[in-house]
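Number of protein chains: 2
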Amino acid sequence: MKVNIIYVGNIKDKYYADAVAEYEKRLNAYCQVTNIELKDEQIKDGASQSEIAAAIRKEGDKILAALPQRAYNIALCVEGEMLSSEQLAERIDRITTGGESTVNFIVGGAFGMDPRVKQLADLRLSFSRMTFTHRMMRVMLIEQIYRAMNINAGGKYHK
Amino acid sequence: MKVNIIYVGNIKDKYYADAVAEYEKRLNAYCQVTNIELKDEQIKDGASQSEIAAAIRKEGDKILAALPQRAYNIALCVEGEMLSSEQLAERIDRITTGGESTVNFIVGGAFGMDPRVKQLADLRLSFSRMTFTHRMMRVMLIEQIYRAMNINAGGKYHK
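Protein chains in written order, with this note's numbering: chain D, 91 to 249; chain F, 91 to 249.
Honestly, the hints are just simulated from the structure, not real lab data.
Bear in mind the structure is a predicted one, so any value in this text is a computation, not a measurement.
Please note: incorrect hints may appear among the correct ones.
A pair counts as met if it fits within one copy or between any two copies, since identical chains are not told apart.
Think about it this way: if two alpha-carbon atoms lie no more than 20 angstroms apart in a straight line, the pair counts; the simulated EDC-like pairs of lysine to aspartate or glutamate are [as the list claims (entries may be wrong)]:
(1) K115 / D103
(2) K104 / D212
(3) K208 / E127
(4) K246 / D103
(5) K246 / E141
(6) K104 / E180
(7) K208 / E171
(8) K246 / E131
(9) K148 / E114
(10) K115 / E127
Looking at chain D on its own, in the form it has when it is part of the complex:
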């Protein structure tokens, strides 16, 4: 199984980068993980709504161009479906037993995700009603992917 983590922006803080690297290493026991980091658009302080929308659209173009053709697409958005860790594990299990060998997890930019990407997603997944920093979301995401894989492998990490 292949897992692609498609992410707009980069991790500047060493502590988050270290946490992500640690989970990436562990995840490689279960699947082939690829991080696809896309450059975020620079949005100035006091940008207008239409400038922000244009930036989100440009980021959307980059995401759409980066998506591998055949894959199950999971887009992270606050208004999406809430799953427990066990439900996410079960969903991933169903996807792969259904014959799909690639799962894309997509994290939009700091200002939001292009509606076209949300539309295209097979699953819109919400981690929380709360807003977290973008970089923190990336740690939270990779930890949940690892947790799901570990649950499916019968591991003890999640207990």
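Following the hints, put chain F in place on chain D, whose structure we already have.
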């Protein structure tokens, strides 16, 4: 305003400890933060349900003993109320304008939180339907407290 973060267990990973320290430093601009770390009970692999319950109860005793007398108590639990970051900010604002000067945030041990602590809490707060590691929850919590304070202070962090 005083904020106490009462936490069972400790942070072993440097990356999470660094992230917590960073937010703690920033939070001090808004309130007086105190971390109260309580020693977790050691639970062996294959412990029985009753051994686990006994450990949770012992951890509960420590939490109850550590709670400052007069305070608004917020206990984190997966089945609690889900609030957006803005709603949490509003709640904190209401607590303090209501005359309460101390807010306790309580994070239980890795195996769960004593029902007595949940019972006593003024608010049971759920961050997610997902389970995160204990240490990660501590980073997520302090980030949300900082975010809430920043929202209430009219800051730009959350934007």
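Hint check against the structure, violated hint numbers in rising order: 2, 6, 9
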